[in-house]
Amino acid sequence: MRKIKLIEAPARQEQLDDLAIGEQVLLSGVIYTARDAAHKRLVDQLKAGKPLPVPLKNQAIFYVGPSPAKPGRVIGSCGPTTSSRMDSYAPLLLDEGLKIMIGKGQRSPEVTAAIKRNKAVYLVGIGGAAALIAQSVKAAELVDYADLGTEAIYRLAVERMPLIVAVDTKGNDLFVAGPKQYRTLPF
Amino acid sequence: MREIDVGRITEAVAELCVKACLYLGDDVVALLRKAKAEEESDFGLYVIDCLLENLEIAAREQIPICQDTGMTVVFLEIGQDLHLVGGDLTEAVNAGVRRGYQEGYLRKSVLSPLSRINTKDNTPAVIHTKIVPGDRLKITVAPKGAGSENMSRVKMLKPADGLEGIKQFVLETVLAAGASPCPPLILGIGIGGTMEKAALLAKEALLRKAGAPSPDPEVAQLEAEILDLVNQTGIGPQGLGGKVTALAVHIETYPTHIAELPVAVNIQCHAARHQETVL
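Chains V and E are the protein sequences, given in the same order. Residues 0 to 186 (numbering that gives the first Met the number 0) make up the first sequence, in order. Residues 0 to 278 (numbering that gives the first Met the number 0) make up the second sequence, in order.
Next up, chain E with everything else stripped away, as it sits in the complex (with noise of 0.2 angstroms):
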């Protein structure tokens, strides 16, 4: 059986953490630039190129894109045939946190949900698992900002509602959120399962490449017309007015019961940060 010492998940959560928090992806850059042809409004135009260019001085300067760099949320996906040696995976992934927070120079923003004593070293993380075949073992870091993650919702949809119902819901979300989560945005929005699938489909649609639509036709069509519709409301880059709320909705589905339709809508700024290794 294939063996992986802990000690290896620490390095790469602490280089994955530094990475992507100072470096987008060029899938949002293309996205960004291509809202640029499409926005109307001059403040959504000033918007789009201080964003451009905040990206530019941070990979020069070396400095985080937003200074909230977030909760660290991060996927494991480890091969059933794979063996972690050498300690706690979970202290292990903390660690690598715990580092990459430190030495990346990085902000500390994770506290006790009720006493508010900040932690002081960003942990713990957020850490999902999911067990799949093969030995190897797949790492995503993505840290989530809180002024996009504040404006997420969800709600349990009557399946009377249907689709309308679903579109009606993302669009009250963007609507309420307004200007708040910093767009324009990225919905990662999960449909189906149950309460908490549909959080974990919604978190997980954020980490499809920006813009790349579901394989899914039907879901494909659905993406289409919520991107149409949000884009509709007017609130545009930095809720400022204009053409571009959003630039990409993603949507990740999941069977779910007879009496329910869960829907989650997960917005994410423009920041739409994460890195992956396999080890």
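The shape of chain V in the complex, shown without the other chains (with noise of 0.2 angstroms):
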């Protein structure tokens, strides 16, 4: 199996730099969920000049909607949601400082393009496998938009979160890359 490296959130460029395409990474920090309704407020917010509820610079957003915790447990499950309905939102964040995104699915070129002016990354978690990931999430609080629901911003502490690598911080994209490999379409 491929070698696993461990990173870091908020984002460290060197450990970002020295991440390719097709490896796994455990990743350790704190991050921040966000999906389509917070993604529309951010980008709105930011638009309008106003101040955000979370800081970007060098941070993670993970692309989820936990269901809610049962007592005694942190999160419920929360695997990554299709990251492509984030795209038209994803350039103008990684423009703003965001670093690392985590979903799942292909993203549009745009996006990719992006990453690679910004030097970031985009790590995908296996969708479906939801209480798997759930187990490395140590804390989880609210931070903002509450009356969103599951689709509220929340601050996460994780502790060796079970991620892939599909797009490095040079543009490169296993989303292409990976299944080239085994198309045999006679067409």
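Please keep in mind that the hints were generated in silico from the structure rather than gathered at the bench. We put the beta carbon where it would ideally sit given N, CA and C, even for glycine. All clues stand as given, with none of them false.
Here are a few chain V residues that face chain E, going by a calculated C-beta distance under 8 angstroms:
{"#": "1", "residue": "Ala-36"}
{"#": "2", "residue": "Gly-78"}
{"#": "3", "residue": "Leu-184"}
Assemble the dimeric complex from its two separately framed chains, guided by the hints.
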């Protein structure tokens, strides 16, 4: 199996620069949750020149809407959601300093270009492995947008969250390179 | 005439919602294990192992397999000799969804399509009723996640497009979906009827025991051919590249008009959640 690297959030540039597509990483540190509705608000606020409820510089955003935490647990199940729905918002956030995006599935060429431009990375978790991923979340605290329910922004403390490098700082894309090797269609 | 109080339907639906979101059927587990023998890519094997481990964790810790506990699709087969008493059937089903999602700590994902304001209790359910012979009520609860539902398609093909057109449309749909619907997939395909009938057939096809072929040999042959094609796309588990893009293809057909060939592809991730009971 591939080499497993340890990385931290907020991001350290030298760790990101060292990543290549297809490598497995274990991410530890502090990350923020945000998906569809929270992205819309963040970008609306940015465009209006208003302060954001979360920092962006060197931060990591996890595209997730967790299931509710049962009593005694910090979070419910929390696998990544489809990243492409955040594609129209991501370049602006990257240009504002966001360094790590965590989701699932392929990104648009615009996002990949913004990743390369900002020396950021896109990491993927295994969609559907939500109970497994929840094991790596050690604390969860509401930050803002509470009215959005599962779509609110939470600050998560994570330890050794298992992820795969899907787009690296050079703009290489695993979702292009991976399937090509196994495609046997006669056209 | 046999009577059932709709309160029993509420109780049953609540229980089925929780059960469906926490446990996956043995049929899907068997297909995942079989896929391990067929997969060649390291990532593919890693993904399948993670999905199997995830099922064990969800069952042990009593938490949902996937955080997206879906929009709740409920199929009711109501015997024509059965009398439902004690309240409104639709409200009884929705009360069950409300209770199940609250008490089961399931995610509330349903909202108004335009204002995007969440109903906060995962209601309303999408309810499909069918009147059948007898005096029983069969309830099937099938929570459907958005990752895979979003990649589903319906197309009105021309009769001249024929079998090749059907195969091509399914393949185009799977290729366009790529990694987004969390492969390995189960494909529910509805062929025939009208536009909405094809879509419903596709959804119903997902309720079949995963991997069980159609009893119609001609349809079973088409299922096998489409599965083979889909697994040549190279998409693989999670779209990271591999041999196993789909675990199974289920096709349901219905007669259609001389001028029509409706085809619906309902994409399902490995979390093919459905639980049923008969009252």
